[in-house]
Amino acid sequence: MIKSLTLPDPERDHIHGSADGSIKLLEYGDYECPFCADAQLIVKEIQQRLGDDLLFAFRHFPLTNIHPHAEHAAEAAEAAGAEGNFWGMHDILFENQAALEDEDLATYAAGLGLDGTRLIREVASSVYAPRIRDDFKSGVRGGVNGTPTFFINGERYDGKVDLEHLLGASGGFA
Amino acid sequence: MSTTTTNPQTLSNGHRSALSSGTPAPDFTLRCTPDQSVSLSEFRSRPVVLAFYPADWSPVCGDQMALYNEVLDEFQEFQAEVLGISVDGAWCHAAFARQNKLHFPLLADFEPKGAVARAYGVYDEKGGTCERALFVIDPNGIIHWSYVSPIGVNPGANGILSALEDLKAKKRNDRRDK
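Quick mapping for you: the protein sequence lines, in order, are chains A and B.
Reading the first sequence from the start, the letters are residues 1 to 174 in the numbering used here.
Reading the second sequence from the start, the letters are residues 1 to 178 in the numbering used here.
Derived by calculation from the structure, the hints in this document are not laboratory data.
It cannot be assumed that every hint is accurate.
[Stated by the list, open to error] Only part of the chain B face toward chain A is listed, based on derived beta-carbon distances under 7 Å:
(1) Asp63
(2) Ala66
(3) Asn69
(4) Glu70
(5) Leu72
(6) Gln76
(7) Lys101
(8) Asn154
(9) Gly156
(10) Ala157
(11) Asn158
[Stated by the list, open to error] Listed next, the in silico DSS-like pairs over lysine-lysine satisfying Cα-Cα at most 27 Å (straight line):
(12) Lys171/B <-> Lys137/A
(13) Lys137/A <-> Lys44/A
(14) Lys3/A <-> Lys137/A
(15) Lys160/A <-> Lys137/A
(16) Lys126/B <-> Lys113/B
(17) Lys113/B <-> Lys137/A
(18) Lys3/A <-> Lys44/A
(19) Lys160/A <-> Lys44/A
(20) Lys101/B <-> Lys113/B
(21) Lys113/B <-> Lys3/A
(22) Lys126/B <-> Lys137/A
(23) Lys168/B <-> Lys137/A
Positions of the beta carbon are idealized from the N, C-alpha and C atoms, including for glycine.
Whenever a hint applies, use it, and build me the whole structure from the sequences.
Next comes the structure, spelled out in structure tokens:
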């Protein structure tokens, strides 16, 4: 069960930063969405600037009909997470958005020192599909209409996704 | 924030002319492909989600229809049928649906232009398109919930799902009362 549709849940979600961070930023995203790849750079910058004040969490919101590789990419991130490196895979997927075939996913896993064969086996048998669907459903019920959608301390952020605005809304100063 | 305006209890967000809860949904027959038509009355006995949107290919609509396409499983849990509807012609719809791999029908309110949107009170005379309006119609053909979104804002699926849940609960209560 997901405790909150719009707030990170450190017990369930993949979180980055301090669990005590006073600023809670939750992103619903899709690894094949170009806007999410752009937003990734902004999130990185915000993480750097806010340091321990920020708790960042990512939930999957793959639009699988228009992004045919998004589901397997999300499952690969979860599989990497099961081996302890969700964020490593997360970064690689956004950096390599044009190469998200299953072979590519296996290569990225190997590059991270993970078991690529296991990862592909888990992806092929949809081991993490239910979790991704839970993420997706929580987004739909929380007011996510497209990707990326951010929630700052539980409130949907409807402003521009650029450093100045997102950082400003997160309580930092660009 | 649009999430605050999707409470099914309000049943309508006070749009000046959109048909509201309790009104019989006007029946219609429209083309869903260049050689096929559908009528609203074909869907009696299950809920219908009627999603009016301004135009194929405009950016927000793409997102809105793409989103409903991904939420179809949840809609189907309520046995609900989703119908997209705009003033675009059937050939335009066919290309748009193919491009976005849509798995639900898009209806062409094309001739006479916008007649169905007018019947539901959601035709934008100035723009010559449908407004961005949602109707959840109950299995008896009565409007259960309606919502008109600002034209540039994707209303998402949360309000629809809440309305379908509400409808299901109502049906359960009605059964218990009998």
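Here's how the hints hold up against the structure:
For the restraint placing Asp63/B at the interface with chain A, the shortest Cβ-Cβ distance is roughly 4 Å, inside the 7 Å limit, so the hint holds. Of the supplied interface hints, the one on Ala66/B holds, with its beta-carbon coming within about 5 Å of a beta-carbon of chain A, less than 7 Å. Here the hint on Asn69/B is kept, as its CB sits about 5 Å from the closest CB of chain A, short of 7 Å. Against a cut-off of 7 Å between C-beta atoms, the interface hint on Glu70/B holds, since the closest Cβ of chain A lies about 6 Å away.
Hint status for Leu72/B: violated, given a least beta-carbon distance of 10 Å to chain A, over 7 Å. A cut of 7 Å between beta carbons decides the hint on Gln76/B: the least distance to chain A is about 13 Å, and the hint is violated. The beta carbon of Lys101/B is positioned within 7 Å of a beta carbon in chain A (closest approach about 4 Å), and the interface hint is therefore held. Nearest Cβ of chain A to the Cβ of Asn154/B: about 4 Å, under the 7 Å cut. The hint holds.
Hint status for Gly156/B relative to chain A: holds, with the closest Cβ pair at about 4 Å, below 7 Å. The interface hint given for Ala157/B is met, as the beta carbon of that residue sits about 5 Å from the closest beta carbon of chain A, less than 7 Å. Interface hint status for Asn158/B: upheld, as the beta-carbon distance to the closest one in chain A is roughly 5 Å, under 7 Å. Restraint check: the Cα-Cα separation between Lys171/B and Lys137/A comes to about 24 Å, which is no more than 27 Å; the hinted pair holds.
A distance of roughly 26 Å separates the Cα atoms of Lys137/A and Lys44/A; the hinted pair therefore holds under the 27 Å criterion. Proposed proximity of Lys3/A and Lys137/A is supported: the alpha carbons are some 13 Å apart, at most 27 Å. Proposed proximity of Lys160/A and Lys137/A is supported: the alpha carbons are some 24 Å apart, at most 27 Å. Between Lys126/B and Lys113/B, the direct Cα distance comes to roughly 13 Å. Compliance with the 27 Å bound is thereby established for this hinted pair.
Distance restraint check for Lys113/B and Lys137/A: the Cα-Cα separation of roughly 36 Å exceeds the 27 Å cut-off, and the hinted pair is therefore not satisfied. Distance hint between Lys3/A and Lys44/A is fulfilled; the C-alpha atoms sit about 26 Å from each other, no more than 27 Å. Under the criterion of a C-alpha separation no larger than 27 Å, the hint pairing Lys160/A with Lys44/A is consistent with the structure, at around 16 Å. With a CA separation close to 26 Å, the supplied pair Lys101/B and Lys113/B stays within the 27 Å bound.
Pair hint Lys113/B plus Lys3/A does not hold up; C-alpha atoms about 47 Å apart against a cutoff of 27 Å. Between Lys126/B and Lys137/A the alpha-carbon distance is near 36 Å, which puts this suggested pair outside the 27 Å criterion. With a C-alpha separation of about 19 Å, the suggested pair Lys168/B and Lys137/A falls inside the 27 Å cut-off, and the hint holds.
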